[in-house]
Amino acid sequence: MLQHEGNRIVHHPILGEWKPRAGVTIFYNGRPILAQEGDTIAAALLAAGISVLRYTKKRREPRGIFCAIGQCSDCIMTVNGEPNVRTCITPVENGMKVCSEESQWKAGDDQF
Amino acid sequence: MGDRTAKVDVAIVGAGPAGLWAGISASGAGAVVSVIDENLRPGGQLVKQIHKFFGSAQHHAGQRGMAIASGLYHQAEAAGCRFSLNRRVYGVYGRGPFRLAMATEGGTEYLDARSLILATGASENALAFPGWTLPGVMTAGAIQTLVNLQRVVPGHRVLMIGAGNVGLIVSYQLLLAGISVAAVVDSKPDVGGYWVHAAKLAKAGVPLLTGHTILGVRGEERVRSALVKDLRSPRQPVEIAVDTVCLAVGMTPSVRLVSLLGGHLVFEGGKGGFVPAGGETVSGIPGLFAAGDASGVAEASIAMEEGKMAGICASRYLGLISEKEEQEKSRGIRETLAELRQPVRPVREEFSPSLSLFSSPVRRVIMECPQEIPCNPCEKNCPRGAIKIGRPITNRPQVDHALCSGCGNCVAVCPGMACYLLEYDRGGEKAKLSFAYEGWPLVHRGDWVMAVAGDGRKLGRVQVEKVKSLKAYSATSVVTVAAGPELAPYIRGMARGENG
Chain A
1 MLQHEGNRIV HHPILGEWKP RAGVTIFYNG RPILAQEGDT IAAALLAAGI SVLRYTKKRR
61 EPRGIFCAIG QCSDCIMTVN GEPNVRTCIT PVENGMKVCS EESQWKAGDD QF
Chain B
1 MGDRTAKVDV AIVGAGPAGL WAGISASGAG AVVSVIDENL RPGGQLVKQI HKFFGSAQHH
61 AGQRGMAIAS GLYHQAEAAG CRFSLNRRVY GVYGRGPFRL AMATEGGTEY LDARSLILAT
121 GASENALAFP GWTLPGVMTA GAIQTLVNLQ RVVPGHRVLM IGAGNVGLIV SYQLLLAGIS
181 VAAVVDSKPD VGGYWVHAAK LAKAGVPLLT GHTILGVRGE ERVRSALVKD LRSPRQPVEI
241 AVDTVCLAVG MTPSVRLVSL LGGHLVFEGG KGGFVPAGGE TVSGIPGLFA AGDASGVAEA
301 SIAMEEGKMA GICASRYLGL ISEKEEQEKS RGIRETLAEL RQPVRPVREE FSPSLSLFSS
361 PVRRVIMECP QEIPCNPCEK NCPRGAIKIG RPITNRPQVD HALCSGCGNC VAVCPGMACY
421 LLEYDRGGEK AKLSFAYEGW PLVHRGDWVM AVAGDGRKLG RVQVEKVKSL KAYSATSVVT
481 VAAGPELAPY IRGMARGENG
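Going down the list, the protein sequences come from chains A and B. For the record, in the first sequence the residue sitting at position 18 is 18 according to UniProt numbering, with numbers rising by one throughout. For the record, in the second sequence the residue sitting at position 462 is 462 according to UniProt numbering, with numbers rising by one throughout.
Keep in mind that the hints were calculated from the coordinates and are not lab data. Here a beta-carbon is modelled for each residue, glycine too, at the ideal position from N, C-alpha and C. Treat the hints with care, since some could be wrong.
Facing chain A, a subset of chain B residues (Cβ under 8 Å, in silico) [unchecked claim]:
| # | residue |
| --- | --- |
| 1 | Leu146 |
| 2 | Leu176 |
| 3 | Ala177 |
| 4 | Gly178 |
| 5 | Gly439 |
| 6 | Ala475 |
Could you put together the complete structure from these sequences and hints?
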């Protein structure tokens, strides 16, 4: 018997059974992702198997969740057009458009 | 701006255990108190702590952190504290009063406070090694947030860096969530955290690699493996296949607001870095106080006492209590703090209870509690007074076996899961051993399970005779298994997920 369904911890000896919350759909680089109310964006993406949240501008290195409490800025993405949103502390909303920062780059952005 | 600026007697920044207790304490003295926190819910890091806490009843020992958080919040609310959540204090202007600027979703809000208590906690340290920026490397706090609050799997196999209490506790929390821990690595020669926390992992067969260090991780888009080196051996590092590396390498007090106010900081390595000079009364700035991890990284029980103390100091500063009252109230706190701050020495020698104790017919409580740590729920919850700790609270428990009724309360409430009950029948031919179990799935009477020793060694299949799960045990069960009289004294638990 598995404690997990996908990447969601559904059975837990201390916290009890996971009670699924209302489903919301967010769009990750245009792709629909099913999330649950109360998820942070980063957690919803991780639950969907996405652990690379962005690439650094200059060296194109992948970055993911590091601190998960809004301190380190590794998880920043463009949310509904607003850049540099800390996705680890921002709750999902239905219809939210979440883009990795590199998808917003213009040519020459890494030349600095 | 002037009209919209709220005014209070005491502003407390941070709603963790220190801030909440500071609020309870200052409100109790009659102060108008506002508690501010950048998070949506109060409780600080307690909200993601799902293990049972150590300490004494006054520090909620035996309760899980998340329950302590809601309890303290309700206590603070009942005492009259106002809460300003989802607000980040980014500036403090002036000292009399302190004018706090708070970032909110709707813009800046201001608050004037005659006295200011900083209970801002600490931030986690990072550790740089080749590949440390790869997705899959994250802090222990991040793991707790994802696993215990968001209920999302951060990875399927984790390497823990750091064998202090945080590293040990978070490793155990990962096991509870059904995630495997490949090993716990620490460069120091000894486990830094409590022996009993390490023992929980040893029982689960998790290797504790002290004297080892991480050299780096490999992977393209995510961690695929970690290189671990034995520091005492000339041998090449070993490559361990993991998808996640968790950093539990200490914390640094968050003192930026002290700096902003021009407060004097001193470096104290044992407290995690720079801390305000003067302890709870930040020297040189009247009306400014610090408590909890912000004044030196320590356990939550210490943060609670420091919070109480800061609340008393602020009340005295405001003239709400007399000097005599201040002295009376703070005396007990100082004594408790002195007890709690006793350094905990590592357990070096291999610990095993003397088995010559166990002759039939007999009932014995086995207490694998070899370290002087501040903890006494076993004593407090024994209905027969068979367990003695007394003061200081760091004393090791002494058991009067003749008084033991075999109720199993100590087995269930011990936060270290280090109490066991061994019983022989009259002829000495049959024996049973009871241990604390927190796992999924639950076990039932009649199930056959794989018994394990303290070092995780599989001892053989045994049958479950009884499962006691009381509400007061808070999700811990006391599992009694029947075994031969030679085997029973060595059983310390059961392998996870191997019952049925």
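Going down the list of hints, with the structure as the test:
{"no.": "1", "hint": "Leu146", "verdict": "holds, 6 Å"}
{"no.": "2", "hint": "Leu176", "verdict": "holds, 6 Å"}
{"no.": "3", "hint": "Ala177", "verdict": "holds, 5 Å"}
{"no.": "4", "hint": "Gly178", "verdict": "holds, 3 Å"}
{"no.": "5", "hint": "Gly439", "verdict": "holds, 5 Å"}
{"no.": "6", "hint": "Ala475", "verdict": "holds, 5 Å"}
The structure fails none of the hints (numbered hints given earlier).
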